[in-house]
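Here are the chains, one letter per residue:
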Amino acid sequence: MTHLPHHTVSPAQVPGLPLRAGLGLKSEHFIEVLETRPDIGFFEVHAENYMVAGGPFHHYLGLIREQYPLSLHGVSLSIGGEGPLDCEHLARLATLIERYQPQSFSEHLAWSSHGPVFLNDLLPLTYDATTLNRVCAHIDQVQSTLKRPMLLENPSTYLLFQRATLDEPDFISEVVRRTGCGLLLDVNNVYVSCINHQRDPVAYIDALPLQAVGEIHLAGFAEDTDSLGDRLLIDDHGAPIDNAVWQLYEQVLVRTGPVATLIERDNQVPAFNVLQAEAQQAERLLSQVTA
Amino acid sequence: MSTQHAFCAALLAHEPGCPEGVFSSNGADPASRFAVYRNNVHSSLINALATSYPVTRQLVGDEFFRAMAGLYVQTCPPGSPLISEYGGTLADFIQAFEPAQSVPYLADVARLERLRVRAYHAADIPPLDQSRMLAQLNGQSRLQLHPCVATLHSPYAAVTIWAAHQTEGAIASVNPWQAQSALVLRHGLAVKVFSIDSGSVAFINSLRRGKALETALEHALQASSEFDLHQCLGLLISLGAITDLDQKVSP
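Heads up: the sequence lines are chains A and B, in that order. First residue of the first sequence: 1, per the UniProt record's numbering; consecutive thereafter. First residue of the second sequence: 1, per the UniProt record's numbering; consecutive thereafter.
Next comes chain B alone, as it looks inside the complex (with noise of 0.2 Å):
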């Protein structure tokens, strides 16, 4: 086994311990001194989740969380040096960790949280000229969201619990039952939360899979017949989400 090798086992080992081969100069037990790169990793790679999932920490505390993010960072531990991504798989392993149970709307707030962070990083490309596009829309027309506009449908209030955590003071009593959907992007340098609905999800879905607008439409209308196309797409437009048309007929 290569030195490397046993030093990286050893670094994410359940149990703190000590791989062969090393020494103190001053004869302390190497263990003690080992322990601080395995304090560095963990404690790095648990503040980098805790940076991008601040309102999950909220809702279970710091502790909770940190034990939580601890024992994901062994399970999971990075496999690419690009540390803003991170913990795209927080929001599975805590629907699966037992002692979260009790907090059922924690994995959608993580999801959430994760859709922000992509929003905020994701590619710089223009919103398409209003003028032009509203020249050209019509029902073949293929609608191509910008890389930042993602959505989620949580069978609770998430996009609710996560804006009551954006403020300071008392937070007003939320039901969390109460199903939710979540439109994410980027406008401008900030990213917004909506929530939206079950039609407005399958909408923007259908057009992220390159479905026509009248498809995107019956989409949309299976899924909720209050669907209001006009408000849903001119959210879109206002926000700059929508960057390129074209009107080439699906295969």
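Okay, chain A solo, but in the shape it has when bound (with noise of 0.2 Å):
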């Protein structure tokens, strides 16, 4: 007969997000998931899918919960946007944090409304002492609203702005260093973007403010050309991790440590298992460093 320590922990129940590799929660895998218990670190959903008043996505996003970790993650709030915060999707935000209680919420360096459209993209910013002052002040109000620290994406992008004074990266020290909040850093984004922008991923990632990686993401990415034929990378979260982007996540990993660290899919998405063994991927790399 086994004897159960005292006082475990469930998995679900941990303070933070454990230090392996996690899958996007895709409603296609509802049941099996909750049918088959993978060893998977945990799951992140999109927050915007789950404000619903009710039905099925609540109901197996409850029960997978009581078994997982979980990570929030929005995708729409314009955290970048000229406008104001909308307060009520903050509010709706809130909602569900206090609902689901998951060990981390992270939102895109962004904007993806304009006064009262919203474009459903992730659209570039001017990195200048103004967009500067307006997403800190943002971050400010989503940290007290919601009463934790938030995780900052960096993007992937496709265009530059003449206007801009600041690089990227130094734009993302800053709002680290004057708002507090974490940085969750998408290596496909930073392959993707140094690609399109002839720059050197590894120098972007040194400039990061690397103490403060909270989690990672990995995806595929899609291939095109601009009007010269040059490779035009898309992040479209719809193919395998590339075999480029698997490597500027060893040298992540040799800097940062082990992260959580995100498979994300949201298109073309495959069976369970061919999603399963890109985590258990990223886990072998997690463990080396661990080592």
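Honestly, the hints are just simulated from the structure, not real lab data. Do not take every clue at face value.
The list that follows gives simulated cross-link-like pairs (lysine to any residue, SDA-like), each with its CA atoms no further than 25 Å apart [as the list claims (entries may be wrong)]:
#1 B:K192 / A:P56
#2 A:K147 / A:Y100
#3 A:K26 / B:A50
Which residues of chain A face chain B? A few of them, derived with a C-beta cut under 7 Å, are [claimed, not checked]:
#4 P56
#5 H89
#6 F118
#7 N120
#8 T126
#9 L159
#10 L160
#11 P169
#12 D230
#13 D242
Derived list of chain A stretches under chain B, where covered just means 3 residues or more per stretch with a C-beta under 8 Å from a C-beta of chain B [claimed, not checked]:
#14 46 to 55
#15 106 to 113
#16 214 to 228
Virtual Cβ for every residue (Gly too), placed ideally from N, Cα, C.
Two chains, two frames, a set of hints: combine them into the complex.
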């Protein structure tokens, strides 16, 4: 007969995300996850998908949350928007956080709403003093409303602004310094942006405040060409993680040590075991830096 | 004009373009880079509509649906970050969309699909205990329906057309010109669609407006003399569609 140790903390109740690989939770996989209880470090969900009154999404997330740590990832708060933050949206986030008690909340360095229009994409910011003040004020508002620090995700971008006065890593460093937020380092976004803007991805990473990294994202990209026929990478979350991104991830881990790492796949979602294999690949790399 | 205002206008413009003040580090035409954002906005919203309106899409084919949805996106971009609610006016757009007039029932099938999405995400409210309900029920009772419950009246066979696209294989011949009404609701985790008579539509809509049971019955019988109260009420009770009952007299 086995004796359970006293005071065991369920994996779902740990205070922060475990230093393991997690998967984006897709509705296609709800039942399989509940029936097979796969050994996954945590699940991440897009907050907006759960901003519904009731029904199957809440039913399944509630059951899965009882078993796994959770990362709540917002995709529509428009932290970089020129207008004020949408207080109703922020209140909906607070409600979700109260209900599901996620180990982590993250959002993007981007804008997605303008006036009454929601554009459903993560759009690029002009990195200058005006934008910096605005982004910091919005993050302060988010963190004080949600009563917890948030992680800010670096974007993938396809264009640069003539009026920009700061580099993206410098802009991010200043936001982290001023607001105390953490960094969600999307390694695929680093790779995509650096190829698109002819930058060295390792130098970009070295310019970031790596001590603030609370989570890493890995994903696949699509490939196109611009008017000169140069590679134009598009962050589409619709493909396996590219070898170049795996290699960059290893270089990040050498610098950061083990960090909770999410495999993102939002389009052309494959069978669960395909995603699980990518999670296992990430865990092998995580264990190498642990050792 | 602010940077984001110009960006937003170019994203939603009918013709591809590029806002001022942007560039590519390799000197490529920034319009070829801006096109990624424009395509992301349009394709993500069109995909969201395709997910919410699968039978509407099947009825006209993917190419026609995406072209129509693209025009809808430009005319009616989302007014909220809640994408599951996006497209609530697509059926009205389809109704007025000249190239879709050859499929006259398309708008009603879209209306039915919208009701299904709403039912899927509607609040979780437990049904009223059956024995309590039956003990208290009388003509003055006002029944509260679950928020997932909705009806649709169509001059076309919208329910049969929709149902014919739920199974693989050949679609049996459907006479689209027969008027049909639908009851849409969620039972447990599954959204159900029933073909109901016009009396049941009048009955359910009267209950929805807070009318007492006997008033709803009058409305139902006015709509159809063949209305069967026991059958309709039995269906609603068995599907957990009644959540509360009160006896206050209507003002």
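Each hint, compared with the structure:
1. A hinted pair counts as satisfied when its Cα atoms are at most 25 Å apart, and K192 of chain B with P56 of chain A qualifies at roughly 14 Å.
2. Taking the CA atoms of K147 of chain A and Y100 of chain A, the gap is about 15 Å. The hint holds against a cut of 25 Å.
3. Among the hinted pairs, K26 of chain A with A50 of chain B is consistent with the structure: their alpha-carbon atoms are about 18 Å apart, no more than 25 Å.
4. Hint status for P56 of chain A relative to chain B: holds, with the closest Cβ pair at about 5 Å, below 7 Å.
5. Proximity of H89 of chain A to chain B holds as hinted, the smallest CB-CB distance being about 6 Å (cut-off 7 Å).
6. For F118 of chain A, the shortest C-beta to C-beta distance to chain B is roughly 4 Å, which falls under 7 Å, so the interface hint holds.
7. For N120 of chain A, the suggested interface contact is upheld, since its CB lies about 5 Å from the closest CB of chain B, less than 7 Å.
8. For T126 of chain A, the suggested interface contact is upheld, since its CB lies about 6 Å from the closest CB of chain B, less than 7 Å.
9. Restraint check, L159 of chain A versus chain B: the minimum CB separation of about 5 Å is within 7 Å; hint holds.
10. Here the hint on L160 of chain A is kept, as its CB sits about 6 Å from the closest CB of chain B, short of 7 Å.
11. Contact between P169 of chain A and chain B, as hinted, is not supported at the beta carbon level, the nearest pair being about 15 Å apart and thus beyond 7 Å.
12. Because the closest C-beta pair between D230 of chain A and chain B is about 5 Å apart, less than 7 Å, the hint holds.
13. The criterion of a C-beta within 7 Å of any C-beta in chain B is not met by D242 of chain A, whose closest approach is roughly 18 Å, and the hint is violated.
14. Check on the stretch 46 to 55 of chain A: 7 of its residues sit with their Cβ under 8 Å from a Cβ of chain B, so the three-residue criterion for coverage holds.
15. Remark: the stretch 106 to 113 of chain A is confirmed as covered by chain B, as 3 of its residues place a Cβ nearer than 8 Å to a Cβ of that chain, reaching the required three.
16. By the rule of at least three residues with a Cβ nearer than 8 Å to a Cβ of chain B, the coverage given for the stretch 214 to 228 of chain A holds, with 4 such residues.
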